[in-house]
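Below are the chains, spelled out letter by letter.
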Amino acid sequence: MLKSVWTWRSIFRSASFVGSEFSYEDIASQEIEKYTYKWLRDEKYEGQNCFVFARYPLDKRNSGYRRQVIWMDKTAYRVLKIDYYDRKNSLLKTLTAGDYHQYRGKFWRAHRMEMVNHQNGKRTLLIWSNFRFGVGLTARNFNKNSLKRAR
Amino acid sequence: MKPWFALVAWIAALLAGQLCTPAAHGHELSGYIEGEMRFFPNAPLCDDQQNNNASLALQPEYYHELKSGSSFTFVPFVRLDSADSRRTHVDIRELNFLYLAERWELTVGIDKVFWGVTEFHHLVDIINQTDLVEALDGEQKLGQHMVHFSVPADWGTLDFFILPWFREMTFPGPGGRLRLETPVDTDHPLYESPAGQSHLDFALRYNRTIGNTDFGIYHFSGTGREPGFLPAVTPAGGLVLRPFYQIIQQTGIDLQTVAGQWLWKLEALHRSGQGPAFFAATGGFEYTFVAVGDTAMDVGLLAEYAYDERGNRAGTFYQNDAMFGLRLTANDAASSEVLIGAILDLENGTKLISIQGSRRIGDRVKLTIDAGFFIDPDPQDILFDLRRDDFLRLQLAVFF
Numbered sequence: 191m192l193k194s195v196w197t198w199r200s201i202f203r204s205a206s207f208v209g210s211e212f213s214y215e216d217i218a219s220q221e222i223e224k225y226t227y228k229w230l231r232d233e234k235y236e237g238q239n240c241f242v243f244a245r246y247p248l249d250k251r252n253s254g255y256r257r258q259v260i261w262m263d264k265t266a267y268r269v270l271k272i273d274y275y276d277r278k279n280s281l282l283k284t285l286t287a288g289d290y291h292q293y294r295g296k297f298w299r300a301h302r303m304e305m306v307n308h309q310n311g312k313r314t315l316l317i318w319s320n321f322r323f324g325v326g327l328t329a330r331n332f333n334k335n336s337l338k339r340a341r
Numbered sequence: 003m004k005p006w007f008a009l010v011a012w013i014a015a016l017l018a019g020q021l022c023t024p025a026a027h028g029h030e031l032s033g034y035i036e037g038e039m040r041f042f043p044n045a046p047l048c049d050d051q052q053n054n055n056a057s058l059a060l061q062p063e064y065y066h067e068l069k070s071g072s073s074f075t076f077v078p079f080v081r082l083d084s085a086d087s088r089r090t091h092v093d094i095r096e097l098n099f100l101y102l103a104e105r106w107e108l109t110v111g112i113d114k115v116f117w118g119v120t121e122f123h124h125l126v127d128i129i130n131q132t133d134l135v136e137a138l139d140g141e142q143k144l145g146q147h148m149v150h151f152s153v154p155a156d157w158g159t160l161d162f163f164i165l166p167w168f169r170e171m172t173f174p175g176p177g178g179r180l181r182l183e184t185p186v187d188t189d190h191p192l193y194e195s196p197a198g199q200s201h202l203d204f205a206l207r208y209n210r211t212i213g214n215t216d217f218g219i220y221h222f223s224g225t226g227r228e229p230g231f232l233p234a235v236t237p238a239g240g241l242v243l244r245p246f247y248q249i250i251q252q253t254g255i256d257l258q259t260v261a262g263q264w265l266w267k268l269e270a271l272h273r274s275g276q277g278p279a280f281f282a283a284t285g286g287f288e289y290t291f292v293a294v295g296d297t298a299m300d301v302g303l304l305a306e307y308a309y310d311e312r313g314n315r316a317g318t319f320y321q322n323d324a325m326f327g328l329r330l331t332a333n334d335a336a337s338s339e340v341l342i343g344a345i346l347d348l349e350n351g352t353k354l355i356s357i358q359g360s361r362r363i364g365d366r367v368k369l370t371i372d373a374g375f376f377i378d379p380d381p382q383d384i385l386f387d388l389r390r391d392d393f394l395r396l397q398l399a400v401f402f
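Protein sequence lines correspond, in order, to chains S and C.
Residues in the first sequence are numbered from 191 upward in steps of one, following the numbering used here.
Residues in the second sequence are numbered from 3 upward in steps of one, following the numbering used here.
Just so you know, not all the hints are guaranteed correct.
What the hints assert, rightly or not - Simulated pairs of lysine-lysine, PhoX-like, Cα-Cα distance not exceeding 20 Å:
#1 K193(S) to K338(S)
#2 K250(S) to K228(S)
#3 K264(S) to K234(S)
#4 K334(S) to K267(C)
#5 K228(S) to K264(S)
#6 K296(S) to K250(S)
#7 K193(S) to K114(C)
#8 K193(S) to K234(S)
#9 K193(S) to K334(S)
#10 K264(S) to K296(S)
#11 K69(C) to K338(S)
#12 K334(S) to K114(C)
#13 K114(C) to K338(S)
#14 K271(S) to K338(S)
#15 K224(S) to K193(S)
#16 K271(S) to K228(S)
#17 K193(S) to K368(C)
#18 K224(S) to K271(S)
Unchecked claim - Pair by pair, the computed Cβ-Cβ distance ranges are:
#19 G359(C) to R313(S): 25 to 35 Å
#20 A218(S) to I212(C): 14 to 24 Å
#21 E304(S) to L346(C): 46 to 56 Å
#22 N44(C) to I317(S): 33 to 43 Å
#23 R251(S) to F41(C): 38 to 48 Å
#24 I317(S) to S32(C): 20 to 30 Å
#25 R299(S) to F41(C): 47 to 57 Å
#26 L248(S) to W264(C): 18 to 28 Å
#27 A324(C) to H301(S): 49 to 59 Å
#28 A324(C) to R313(S): 55 to 65 Å
What the hints assert, rightly or not - Sample of chain S residues with no beta-carbon within 12 Å of chain C, all distances over it, derived:
#29 S204
#30 L281
#31 T286
#32 W298
#33 Q309
#34 R313
#35 F323
Hints were generated in silico from the structure; no laboratory data involved.
Beta carbons: idealized from backbone N, C-alpha and C, even for Gly.
Same shape as in the complex, but just chain S:
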């Protein structure tokens, strides 16, 4: 337990998450307004009808990517695959997300994410479990006092 509160700095968006092939921006909240988008094509991926589109980060200064190409299924808008292109626009990593479970009848969450780095040949498997929704957290749980004693 750390008992200290750190200021998150946007320069760390592109930094590696604990030495893995995931960077912080890959696992941070994926907000629509953080990117611009371009539809590329529709195609089948792993037997599912998908939209294939590119997204371009608005925070060009701190993002590690020029663009990302995303395969999203048309039935439930789940991200199935992302190709990440580095700032020089060459293919850097590929994320495949699977083992999707639905919570509360509406939230889809991938329990398995695999990131393959094409440039250094390394890969990281991220396994998620014990998702819980509606546990009663409020903004108050995220003030400095609460964060300091978080366990």
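Fit chain C to the given chain S structure using the hints.
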């Protein structure tokens, strides 16, 4: 006495109400046990000082959370040291009950509170006394008795402290290294207040985060944590220094702001009650390069400056000093980190070089290595007494 009685009765009623709540939420026992070796390559200044020491420390933590979110915490600490009878010590780091209400929080008991932002000199931090026998950097603290009322709100956080018991600074004993040449007589401290250790101290602090900036301001009224020293002669005829604790008024601010790769930091205070009133400040920046080269490593460059209006009369070595640092963060699964620092006295040329590195080994073990070198110590400098005390320290902690 009447308002006091009312306050005590009210707190007792709160605690009784909470502790009688049957539905307990969780018990947790955690903590660490740590082995430490310190090596001093140079012969000591005094005959009774030892060359090396081995030491063992244990800090368990018991935490009990009630369904309401209120909690009870107990953190004792014990260290056994082979060379220094004063470094062998016991402390209660925390023993407190935290009551959480909708809009405020109350902590009663022994707790730890840290204020400040700078890397090298922890100028404005005042609630807890320094456990100096633990480490020279002053980052280890003794538990402080307190009633702490906190109001976290949209407009910032307001904290009010009543500190009913004073803790004396710890100092190495005759057998220990990293001490003043004249031993400090911690058995016979002097107090300005006739109430001594039971003088009631108060502090009020306001802090707020606005955009990229964290800001805090406080006032402290009570027994100064930093002692003065009065020479005295023991019955056996030896010279000792008696710590002298005075009543002070201190106002402090701390400020940190993020601007891209820059992190700017400032701490400043004004203190009266220990001789003439004075002003002191420290501040600087950390500039971070993320993912240097093709690695995951972050490199931080730090530069700070410390000023104390008291000059050489200051009880600290930070009176007109420049500090430089290089921080390497590997961003690996072992959380490997290295911080190399240099403190340079701009008046007398005394330098202190320090190296601190740490990493995890497996899930439960943490290895810390640190070293300190005292270079060109000036006879006027407080570090002159440490001129033979260059050291290498290895710590291996197992967490449970």
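Results of checking the hints against the structure:
Between K193(S) and K338(S), the direct Cα distance comes to roughly 5 Å. Compliance with the 20 Å bound is thereby established for this hinted pair. Using a Cα cut-off of 20 Å, the hinted pair K250(S) and K228(S) holds, with the two alpha carbons roughly 17 Å apart. Restraint check for K264(S) and K234(S): the C-alpha separation of about 10 Å stays at or below 20 Å, so the hint holds. Straight-line distance between C-alpha atoms of K334(S) and K267(C) comes to about 19 Å, which keeps the hinted pair within the 20 Å bound.
For the suggested pair K228(S) and K264(S), the alpha carbons sit about 16 Å apart, so the restraint of at most 20 Å is met. Between K296(S) and K250(S), the direct Cα distance comes to roughly 32 Å. Violation of the 20 Å bound is thereby established for this hinted pair. Between K193(S) and K114(C) the CA atoms are separated by roughly 10 Å; this keeps the pair inside 20 Å, and the hint holds. With a C-alpha separation of about 48 Å, the suggested pair K193(S) and K234(S) falls outside the 20 Å cut-off, and the hint is violated.
Proposed proximity of K193(S) and K334(S) is supported: the alpha carbons are some 10 Å apart, at most 20 Å. For the given pair, K264(S) sits about 15 Å from K296(S) by alpha-carbon distance, which is consistent with the 20 Å threshold. A distance of roughly 19 Å separates the Cα atoms of K69(C) and K338(S); the hinted pair therefore holds under the 20 Å criterion. Distance restraint check for K334(S) and K114(C): the Cα-Cα separation of roughly 15 Å lies within the 20 Å cut-off, and the hinted pair is therefore satisfied.
As the CA atoms of K114(C) and K338(S) are separated by approximately 12 Å, the hinted pair is consistent with the 20 Å bound. At most 20 Å may separate the alpha-carbon atoms for a hinted pair to count; K271(S) and K338(S) exceed this at roughly 36 Å. For the suggested pair K224(S) and K193(S), the alpha carbons sit about 31 Å apart, so the restraint of at most 20 Å is broken. At roughly 16 Å between alpha-carbon atoms, K271(S) and K228(S) fall within 20 Å of each other, so this suggested pair holds.
Between K193(S) and K368(C) the alpha-carbon distance is near 17 Å, which keeps this suggested pair within the 20 Å criterion. Between K224(S) and K271(S) the CA atoms are separated by roughly 19 Å; this keeps the pair inside 20 Å, and the hint holds. A C-beta distance of roughly 29 Å is found between G359(C) and R313(S), which places it inside the suggested range of 25 to 35 Å. Hint check: A218(S) to I212(C), Cβ distance near 23 Å, so the stated range 14 to 24 Å holds.
In this structure, E304(S) and L346(C) meet the distance hint of 46 to 56 Å, their C-beta atoms being roughly 50 Å apart. At roughly 52 Å, the beta-carbon separation of N44(C) and I317(S) lies outside the given 33 to 43 Å, and the hint is violated. Checked against the hint of 38 to 48 Å, the pair R251(S) and F41(C) passes, with Cβ atoms roughly 46 Å apart. Checked against the hint of 20 to 30 Å, the C-beta distance between I317(S) and S32(C) comes to roughly 24 Å, which is consistent with it.
At roughly 52 Å, the beta-carbon separation of R299(S) and F41(C) lies within the given 47 to 57 Å, and the hint holds. Between L248(S) and W264(C) the C-beta distance comes to about 21 Å, which sits within the given range of 18 to 28 Å. At about 52 Å, the beta-carbon gap between A324(C) and H301(S) stays in the expected band of 49 to 59 Å. At about 46 Å, the CB distance of A324(C) to R313(S) disagrees with the hint of 55 to 65 Å.
Residue placement check: S204(S) does not keep its beta carbon more than 12 Å from all beta carbons of chain C (closest about 6 Å). Taking the minimum C-beta to C-beta distance to chain C, about 16 Å, the non-interface status of L281(S) holds against the 12 Å cut. Residue-level check passed: T286(S) sits 22 Å from the nearest beta carbon of chain C, beyond 12 Å. The non-interface label for W298(S) is consistent with chain C: the shortest C-beta to C-beta separation is roughly 29 Å, beyond 12 Å.
A Cβ of chain C approaches the Cβ of Q309(S) within 12 Å, the least distance being about 9 Å, so the stated non-interface status is violated. With a minimum CB-CB distance of about 14 Å to chain C, R313(S) clears the 12 Å threshold, and the non-interface call stands. Every CB of chain C lies more than 12 Å from the CB of F323(S), the least distance being 19 Å, so the non-interface label holds.
Hint compliance for this structure: hints 6, 8, 14, 15, 22, 28, 29 and 33 are not met, and every other hint is.
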